[in-house]
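One line per chain: the protein sequences are A and B, in this order.
Letter 177 of the first sequence, counting from 1, is numbered 177 in my numbering, and no numbers are missing.
Remember, my numbering sits 1000 above the position in the second sequence when you count from 1.
Any given hint could be a false lead.
Capping the alpha-carbon separation at 16 Å, the derived lysine to aspartate or glutamate pairs in EDC-like fashion look like this [unchecked claim]:
| id | chain 1 | residue 1 | chain 2 | residue 2 |
| --- | --- | --- | --- | --- |
| 1 | B | Lys-1069 | A | Asp-217 |
| 2 | A | Lys-339 | A | Glu-44 |
| 3 | B | Lys-1127 | B | Glu-1007 |
| 4 | A | Lys-395 | A | Asp-243 |
| 5 | A | Lys-54 | A | Asp-110 |
| 6 | B | Lys-1127 | B | Asp-1041 |
| 7 | A | Lys-54 | B | Glu-1145 |
| 8 | A | Lys-54 | B | Asp-1041 |
| 9 | A | Lys-278 | A | Glu-289 |
Treat the hints as calculated values from the structure; they're not laboratory data.
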Amino acid sequence: MRLVVNEPQAFRFEVNRAALVDPAIHDLEQRRIFDRCWIYVGHESELAAPGDFKTRLVAGRPLIFCRNGENQVRVFLNTCRHRGSLVCRSREGNAERYTCFYHGWTYDRDGGLYAVPGQSAYPPGFDKKQFSLKQPPKVDAYRGFVFLNFDADAVSLDEYLGNAKEYIDLVIDQSPSGEMQVIQGTQEYDIRANWKLLVENSFDDYHLLSTHSTWLDYLKNSGVEMKRPENGHMLPAHGVGKDLGNGHATTDNVNFRGRPVARWIPIYGEAAKPELEKIRAELVARLGEARAARVADTNRNLIVFPNLVLADGSSVTIRTFQPLSADRMRVTAWALGPKEESATARAVRLDSFLTFYGPGGFATPDDIAALESVQQGLAAYREVPWSPMSRGMAKEGEQLNTDELHLRAFWIQWDNLMSR
Amino acid sequence: MTRQEVEAFLYEEAALLDAWKLDEWLALLTADAYYRVPSNDRPESDPGGTLFTIADDIARIRSRVARLKDRNAHAEFPPSRTRRLITNVRIVERQPLRVEANFAVYRYRSNDDARQYVGRYRYLLRKEDGRLKIAGREAILDAMELASLGAVSFIL
């Protein structure tokens, strides 16, 4: 049974709610989506020095994300070749070697099996070279963002990202050196909802007015200029939704909510004004007026299919989420900023981040509540099987951020991959 | 200032928060107070250079309270029931007055599992007009990740 009905002529687009509830579909997703797509692992800046490592769950697998002795980024499956135990059990650190504590097998930073206690008891022909830590078939990076692919026949990362690269570049261009840095402090929390609901929520601007009225009130009361919406818009500024191909999609909005690079709002405080003007001037000098305005005066929430969000709004956040079951996901979020950012600008960025994003922000907790409320309602999926997703479908040309073209782009790719 | 006096003050604060008497709670804060919850993986950090879960100055605290009193703060409407157990209160410094305490905050919502927020408070207290006030409070969670705790949508 197809779970997505897409009939453009009839202006009909519907998603079957079983896709968000059924454990069998969740299991199939692991093979057809997460074993085939390029999946985000981490950012190169999280590993500062040779030997630095982070352990994390990606596409259902425990991983070691690390640098070897030559400072090259490596990704290993965090499972001992002997009995399978996690080889590294720390969240993060720096290691010369990785030793599995169970029987003491030890690996070097390139994954090679370095030492086996009592090796002489193994029969002749036992070759340590055959027991290196396993690496995913493909690992590649685009501008610091490291991805893996468990399908050895997958297209290249470059081809996979396609039009999404333009939107990643808009984030990178905020840094004078072209280097963005993950800032320390990780937000890691579970949502009792299907992961695809967070894909939708991460760039669905239709929910902003009703779900986030307290955040909009906060902005207004803080002196942020909020124009009355015109021409059928629901929000104070013009914004569109775009299909970028391969399941990637984005919003692309004229900014009204302020940006650390570089659009001052009263929430940042008078003292930060000259700093933001300096950032703006550097941007114009480096990129020219037009590109500087493109970078600084628009905000964009990008979905890299299937589970990476780059929300370049009140601040830049990298957000990825791992499905734990059909009705539960683990979310990890980081703040991203220019490497050479001054202490003042960094503080503004982090403060601005917390106005909206994260489990203690003024908006994300209400998103979590919304998604969990949806998941509870979906228990009636047999009686109420279909959700409409047709906003904007009858319109020619431009689709607004409060339409659903960008949501449909995700679901069409999901359906394609699930059907073959 | 004796430990008993500090304890009595913290118990009163806990009672106000558990009763959602948020305006009365605000009245306990100084005009330059802060409220912080550090990220679980960087419990000993400065919010200027580290991403926190919450890093409010007094203006943000007031906005947070205004938000929580609005029925459109969906994560806390209807409000959670909370119960705070505060123990192991210690005065760790006298000038300025710094106090640490352990907490277990139980949070209940309809149709949801109980969530247990466990950790320690770090208070900066100050006497103003003869009354003890909160110049800073930091709630440091012991959990390695927020994980099943989800969000910190009420005042911890």
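We went through each hint and held it up to the structure:
Only pairs whose Cα atoms come within 16 Å are accepted, and Lys-1069(B) paired with Asp-217(A) is accepted, the gap being roughly 13 Å. Pair hint Lys-339(A) plus Glu-44(A) holds up; C-alpha atoms about 12 Å apart against a cutoff of 16 Å. Using a Cα cut-off of 16 Å, the hinted pair Lys-1127(B) and Glu-1007(B) holds, with the two alpha carbons roughly 15 Å apart. For the hint pairing Lys-395(A) with Asp-243(A), the CA-to-CA distance comes to about 15 Å; that is within 16 Å, so the pair holds.
Note on Lys-54(A) and Asp-110(A): the hinted pairing holds, with a Cα-Cα distance of about 15 Å set against a maximum of 16 Å. A C-alpha spacing of about 33 Å is found between Lys-1127(B) and Asp-1041(B), which places the hinted pair above 16 Å, so the restraint is violated. The hinted pair formed by Lys-54(A) and Glu-1145(B) meets the criterion: a straight-line CA distance of about 14 Å does not exceed 16 Å. At most 16 Å may separate the alpha-carbon atoms for a hinted pair to count; Lys-54(A) and Asp-1041(B) meet this at roughly 12 Å.
Of the pairs offered as hints, the one joining Lys-278(A) and Glu-289(A) holds, with about 14 Å between alpha carbons and a cut-off of 16 Å not exceeded.
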